[in-house]
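Using the sequences and the hints, build the whole thing.
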Amino acid sequence: MSVAHPAGVLRRLLRPADLLVLAAATLLVLAALAGLVPPLAVVALAGAAGSVLAAVRLSRLAAPGAPEPAPPDHSAVLAVPRPSEPAPPDHSAVLAVPRPSEPAPPDHSAVPAVPRPSEPAPPDHSAALAVPRPPEPAPPDHPAVPAVPRTPEPARGAGRRAGRCRRVAGLLDAAVVAAGLTVGVLPLADGGQQVVVGAAGLGLTALLHTAGLLLLPGRSRLSLPARVRRVVDVVSLGLSLLFAAWVLLPPGQPLVVARLAAVAGGFGLATVGVAAVADWRRRPGAALCLLGAGSTQFGLLALIVLLAYRAPAWTALAAVPALVAGALLTAAAVRRVARGDEPRPGGPPPVWPGVSAPAGIAILAAGGHLAAHGDFGPGAILLGLAMIPPLLVRELMSAADNRRYADRLAAQEAHFRQLVSGGHDLILLLDAALRVRWQSPAATRLFGLTDADVLARPFVDLLHPEDAPRAALLLDRVRGGARPTLLAARLRDGRGDWRETESTVSDQRGVPEVGALVLHVRDVGERRRLERVVHRLAATDQLTGLANRRELLRELAARRAGPGALLVVDLHGLGAVNDGRGRAVGDAVLVEVAHRLRLATGADDLVARLVGDEFGVLTDAGPVLAYALGARLVAALGEPYRVAGEEVRLRVSVGLAELTGAGPDDVLRQADLARRRAAQLGGDRVDWYDAYLEEQLVRRLDLERELPGAVARGELDLVYQPVLGLADRLPVGAEALLRWRSPVLGTVLPAELLPVAEDLDLMGEVGRWVLDRACRQLADWSTDGRQLWMAVNVTPRELVAPDFLQRAAAVLATHGVPPDRLVVEVAEPRIDAELSTVVARLAGLRSLGVRTALDDFQAAHASLARLRRLPIDLLKLAPRRAADDPGQPPLTDVVVGLGDRLGLQIVAEELETTAQADAAARAGCRYGQGFALARPATAERVEAYLEEFPSASR
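Add 243 to the 1-based position in the sequence shown for our numbering, that's all there is to it.
Calculated from the structure, these hints are not laboratory results.
Check the hints yourself; a few may be wrong.
[To be verified] What follows is a list of derived Cβ distance ranges for each label pair:
no.	residue 1	residue 2	range
1	Arg885	Leu1145	42 to 48 Å
2	Asp618	Val506	34 to 40 Å
3	Ser749	Leu842	50 to 56 Å
4	Ala695	Gly906	54 to 60 Å
For each residue, glycine too, the CB sits at the ideal point set by N, CA and C.
This is the structure we're talking about:
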């Protein structure tokens, strides 16, 4: 056990003045050895110098104004010590660290085979926290003096400690002065009185030292067994020192005073030595005080003995180091005590060798006496016999302590063995070759393994062949200095079954008591099974049994670096099934969809249900094979579903995106964008993601975000394209064309605007605004007597609205526009879904006097047959839609002829060139519209255009 050496402590405590005194003492000793100065005078001068320096320092510490250590955490509290309350002894500022001492009694020991600390110190009642009392009022005869607040308990405890330290410094200061005066007076005394003077000085110094050392703060009360040990140790050591002095000193009859001084000094040095060793770690300052006092007393005792036996004069110089060092060490130790005397860091306190030290001193002294003088006298024999009882008692006490410690150690070992054997971990110790050196008793209970099954076998042989290489690599890394990690492996149990285990590895090869790799093995089979169940529940859609969105994203992240594609499948019409036939039918359809998806995909493909009626398929196939897989999915999922005797049909849209190293969320977003595009194009198809598609869809999202509120913000506008008679090229009307002047997106045309408005259910609001603005503009143009008509486009959804006829009549009445001046156009390709309702609404408009027109006529067989059912007045035909096939009659002529028979006026639209306009006129078309005749323009520009035809009237 490492204990700080006193010499090292002295080096840290020395000051420049100390070094100067020591140097002077050394020079004086050398001068005495050279015969220049009498030795006893050198002893007096060196001792006086050390005593003076130490006395000055101690007197400063003993002064009432000496600095006091502030109590911790209460520096702001005004502490006014109360002189009327004396500090109680031995309870002022007891340190919290227990004082080490001899082995304690067995009923207070906690750790076997370790020197035990003494009984804990009593609680420090003076330093306990207390609630400060309010200030006391001043006496009535002193009204101007402010009340002094009561000092808190911690501050009062610190004040008491400081007062005790001052008293200790005063007593030890007096002891140092007494020792200095003693050595200073010796050269002046007669030869016969020097021993008496020295003995008197030694007695006074010892008395003052004892009083000062007993007042040192932090002294703990010892238990009765500890006190008995302390007394036995002091007695045995004192007797051994007395025996050594008796047999080593030359024969003669010294003075009785010298004999008494030797006896008292021997026991005093023994007491100081035992106490200093006990306090060396807990109270180092107190231990140094003891050493300083012992050194001073040893120097005085040495002078007395040398003078009593009339030794040569130069031998007195041997007392100089003890006297000077004792004085200086005492002053430095008191200064440390006054500053707090912090305990010395380290392990358990040092232990005094209670038997071996006294016996060793006696044996060495006896050997020296036999070598120098021969036989022992009666006194030496009696002293030697007197040493035997205390040594025997000390040995018996040590044997009893060892027996108690051994019993406690055995009980604790049994206790810990029971804890290890009853735990839930199997502990294995592996030697340098990774063979099992020891296993805990829990092996049989936990894994059914006996020592014969495990011991001396390589650990990797106990593991599953698939896990053994990884386990060996991990253990090699740990042996190489790597940080231990968790080892997951399958271990064969006593029945030959493989058990899933986790092991923590600890490298304890550097611990002498262990010297092995330590593995704590626990069975995690049940936990792993529950983890798999939880994972399956968390990663699986409960209705279909497919993977869920979270699992798909995780698998996408795992496969992002490899080839493959993601297909997002959307089912259209499932919501109508749920609403019309119930959730049970819808769930049955979803289960059948999941079944068809599994049949259509490969074994390595991951099929997942994303949300509701959306599914995802992750495949490792290339883009071409992935597209073919998408086509198979469209065909398989488009087949009718027979559920509960009913047939259900769904439309399917599939979006496809390649795994190009993008993140999981990006790939899913790209496939979903392609799926939305496929749905916009009518469904039952596979659409491939590309950058242009994303631009279109982002544009669509921007339109959907900005369009709501555009009417209220005044962002909608109308432009007008004149309609001319092809015979005279005079304007007869105009068509109102919608424009959205968005400050964010710019000008948006109807082809892009109207689908968004329909999806957002804004067509009613937009249509009302268009009809009102067009009629108002027509009324403005009619003030000059122009007989023009205004064509307004409406969608089938607007036309079939229940209040459309009432709104149209109200707008015409509001602006005073004759009904025959308004033309309502509906696009022919979009009327199939609501054909009967459209026919009824067109008839209603005609009953109001409003003319109707069929726009975007396709000139196909079905379109020609539909003309007989539609109550229309105008038929708008584009030349490119009625392109004539080679070898067939001119289709435009057929349409014009049919229109004449039905009483319809034909308007040729989208005339881009003059040749197209002339051809339309030759075919018999009455009106024309297109860039070749007039471009769309604002109302102001159209009005200026009309001014060029003052006679225009139709």
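Cross-check of the supplied hints:
1. Arg885 to Leu1145: 42 to 48 Å: 47 Å, holds
2. Asp618 to Val506: 34 to 40 Å: 23 Å, violated
3. Ser749 to Leu842: 50 to 56 Å: Between Ser749 and Leu842, where Cβ atoms are some 53 Å apart, the hint holds.
4. Ala695 to Gly906: 54 to 60 Å: 56 Å, holds
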